[in-house]
Amino acid sequence: MIHPTTRRTFLHRAALATTALSASRVLGANETVRVAAIGLGGQGMGNAKRMAKVPGVEIAYLCDADTAQLDKAKVAFPNAKTTQDLRHVMDDKSIDAVIVSTGNHWHVLASIWACQAGKDVYVEKPISHNIWEGRQLVAAARKYNRIVQGGTQQRSDPFHDELKAYLDGGTLGAMKYVRCNHYGMRATIGKRQTPITPPTSVDYNLWLGPAQDVPILRERFHYDWHWNWNTGNGELGNWGPHILDDLRNVVFRDKISLPKRVLAGGGRLGWNDAGETPNTHFLYYDTGVVPVIMDVHNLPRQKGMKAPDVYRRRRSSAFLIIECEGGYYAGGRGGGSAHDPAGKVIQKFKGDGGATHAANFIAAVRSRKSSDLKAEIEQIHFSSAWCHLGNISWRLGQMADLDEAKARLKDFQPWQEVIEDLPAHLTANEVTLKPGDLRVGPILEIDAEKETFIGSSATPEALALLKREYRAGFVVPETV
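Mind the numbering: the sequence shown is residues 271 to 750 in the working numbering, read in order.
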């Protein structure tokens, strides 16, 4: 049986919230920054190791609901304290900052608790599990004067400044539209006849946190939580924050918080498993300035091939393709290239993939200036919200065939193109598109300032997906 947080713990959380500023240490220029790593899977361990390489940083506390993960992490950080319960980390006044690398469903609540406890936060992407709670985290960062960095490390890649200057120079001409792609291979997660039993090393109550206690029918307990809505946000919520954050940063210079409209289609094609999120997802974002198409595939280039798909028009797997009047730019993490209309490379850009992102966070922790952050939490809230909006449109979708999908934006050729490319991709994977496999959502109209749907888009079903039902004892507060 799962036991919620006790009344005593709840009252202690409230007490921390009223004393956050007094609880935080004032760091000298040369004083060690003591960091707690919360969530110690592959990404969490990577984040901890990168942070530990920053001069003047000590990984002083390790936290994971799974003691097996803790035991592995202890090998890398033998002097660190350990706990399964992140509330113990919040209570430790010697900890200056936390890295939140938990499942997506925990990102906001763990980060808000840290802010309330007077600790700075580096939180993995997406920084939220839904749009409403992302705004709550921004509010907490502001209220408690915390340094909160999103884990979109590409923001710290210096080549982006060079690329912006190049685009501003006009060599490629005016932008026509942007194509965002992620073609990352995944495998089916299986479907059990009976729910999985969590490993005995896991405190399941703490692992669930804000998520609902529902049966888990996937084969693997860890990582594949990404593909169930209760705990994850699908591939769009996994890689989308990186790619759409690059879009907002490089193309729109952070001047567009949210799109005006969003439309999504796709399905979980070729797999009959316990996953709920689409493995094929195509989207249209109407920004009011430059339109954006996004295409996400989890199937390979063809069945049995250990190679991802490519964007056929440019024969490229680039994350970001900026189509302009006089050519195009194609790039991803760590660099890219500008091309003339015939495809000839006319300029190359080389970056480091954001290698200094952890150091940027620590520098801001010392300076106490949020403006020093490359990925300040509000901007990454917006970039994460683009993903949530795309997921909402798909989840509200109705069954459609390819012709019906194309008809949704019949006058916008890039939308037509992404759907016309789908049959060849599926044929290469020996997948037959059956009635009911494909879903196309409504075009959702968004009020960016209020971060909600408006007009006919503001249905009870759509509005409900801006938030979630939280489990007792692990509720993201209405007032932070």
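Bear in mind the hints are in silico, worked out from the structure with no lab data behind them.
Fair warning: this is a prediction, and the values are worked out from it, not measured in the lab.
Just so you know, not all the hints are guaranteed correct.
[Claimed, not checked] No farther apart than 25 Å at their CA atoms in a straight line, the calculated lysine-lysine pairs in the DSS-like style are these:
id	residue 1	residue 2
1	351	363
2	446	434
3	704	737
4	530	680
5	639	323
6	446	676
| said: Check the hint pairing residue 446 with residue 434 against an upper bound of 25 Å on the C-alpha distance. | reply: holds (16 Å)
| task | For the pair we were handed, residue 704 and residue 737, check the Cα-Cα distance against 25 Å. | result | Violated. Residue 704 to residue 737 sits at ~32 Å, over the 25 Å cutoff.
| message | Against the 25 Å threshold, does the CA-CA distance of residue 351 and residue 363 hold or violate the hint? | response | holds (13 Å)
| Given pair status - residue 323, residue 639, alpha carbons within 25 Å | holds (22 Å)
| query | Are the Cα atoms of residue 530 and residue 680 separated by 25 Å or less? | reply | holds (19 Å)
| Straight-line alpha-carbon gap residue 446 to residue 676, limit 25 Å | Cα-Cα ~20 Å, so holds.
Against the hints set out earlier in the document, a violation occurs for number 3 only.
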